[in-house]
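Chains as they are written, first to last, in the numbering used here: chain X, 485 to 597; chain D, 22 to 133.
Be aware that one or more of the hints could be misleading.
Covered stretches of chain X, going by a simulated chain D footprint (3 or more residues, C-beta under 8 angstroms) [claimed, not checked]:
no., segment
1, 539-551
2, 556-566
3, 579-588
FYI, nobody ran anything at the bench for these hints, they're computed from the structure.
By construction, the Cβ of each residue, glycine as well, lies at the ideal position given by its N, Cα and C atoms.
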Amino acid sequence: DTGVSQDPRHKITKRGQNVTFRCDPISEHNRLYWYRQTLGQGPEFLTYFQNEAQLEKSRLLSDRFSAERPKGSFSTLEIQRTEQGDSAMYLCASSLRQGGEQYFGPGTRLTVT
Amino acid sequence: GESVGLHLPTLSVQEGDNSIINCAYSNSASDYFIWYKQESGKGPQFIIDIRSNMDKRQGQRVTVLLNKTVKHLSLQIAATQPGDSAVYFCAETSRAGNMLTFGGGTRLMVKP
């Protein structure tokens, strides 16, 4: 257990529905990251927060995706109008400093039917 | 649990043998490298890291080697145990960077 928690661990939804995931980072970490991982691949970067500011977004983050970190602690990732291609493991990570090790949570496995 | 990767390169070793997992990285500007272990259904777990001003770093039963000339990274696991069975990813970033870029992963299978 790295100290990063994610909820839910599994989510099954029908195409077109909205889903929201939560990440609680290690408490003293001010940097928080979201990644997506599909079967057989390494995680791919989605977005990054420093405190409450979203400082970087990948091109993978389409306009159906939105992430927030309102108080600089926990973060949420929402996917609107889900598509089957959104099925993946969504991973959250946190770190204490730029260019430092990132500690990952257990992930949320999303299945869109 | 579900499989992390269905079509990954696989390294099969006998329990007690040493394992070497290799990784090629792409970005010459990367100056920080991490090896992660991922078990089925779990998130990546930090194993060991190395900065570009070093070419070798040792941990408990693990050693990471960095060859910047050919942009190659390796992870050596001594006396491999069944609990080492997992998918191993290398990741790279830079001091000024925020995102990790992951390699394709290698599945390590340890035979008892």
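To test your reading of the hints: which numbers does this structure violate? 2
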